[in-house]
Amino acid sequence: MSTLYTTSATALAGRNGQVSTDDKKVDLQLSYPKEMGGSGEFTNPEQLFAAGYAACFSNAILHVASQGKVAIKAAPTTATVGIGPNENGGFALTVALAVELDLDQEAAEKLVKTAHQVCPYSNAVRGNIDVKLTVNGQAI
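First residue of the sequence shown: 1, per the numbering used here; consecutive thereafter.
Please keep in mind that the hints were generated in silico from the structure rather than gathered at the bench. Treat each hint with caution, since some may be false.
[To be verified] PhoX-like cross-link-like pairs, simulated, lysine-lysine; straight-line CA separation at most 25 Å: (1) Lys113 / Lys69; (2) Lys73 / Lys113; (3) Lys132 / Lys73; (4) Lys110 / Lys69; (5) Lys110 / Lys73; (6) Lys34 / Lys69; (7) Lys113 / Lys132.
Work the whole structure out from these sequences, hints included.
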């Protein structure tokens, strides 16, 4: 693989600390969500993952649409990320991606399925996290 871009981020004290990227464009306080016994005052890793996945998947749809000459200008995508205990005593994530496209359902589903094969986040979690997909409110 030929790497096109590299970045790094450093977390100082886990979920109750601070995280920043090497260029300081991201520089955030972190806290546990209230649901996990924290203050919920600041962002958390699951929110950051959801934001990254939503942006990446939306762009994958736009990329696939462009390659297939499908005229769309937006691909609103909501990533819902959950965390909970797994059967090995650790933790696991859940992901649901909800996409809204101004296309007929068949064309929309085809784009989203193809984007799921293209998106680097989808490729990174495949085989480890079961990602649920919906398009225009319908599960695929």
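Within 25 Å, alpha carbon to alpha carbon, are Lys110 and Lys69? holds (13 Å)
When you check the alpha-carbon spacing of Lys34 and Lys69, does it fall within 25 Å? Cα-Cα ~45 Å, so violated.
What's the verdict on Lys113 and Lys132, does the C-alpha distance respect the 25 Å limit or exceed it? Holds, at roughly 11 Å.
Checking one constraint from the list: CA of Lys110 to CA of Lys73, max 25 Å. Satisfied? holds (17 Å)
Hey, Lys73 versus Lys113, does the alpha-carbon distance stay inside 25 Å? holds (18 Å)
Would you check the hint for Lys132 and Lys73, treating anything up to 25 Å between C-alpha atoms as holding? Status holds; Cα separation ~24 Å.
Assess, step by step, whether the Cα of Lys113 is no farther than 25 Å from the Cα of Lys69, and give holds or violated. Measuring from Cα to Cα gives roughly 16 Å; hence the hint holds.
In this structure, the one hint that does not hold is number 6.
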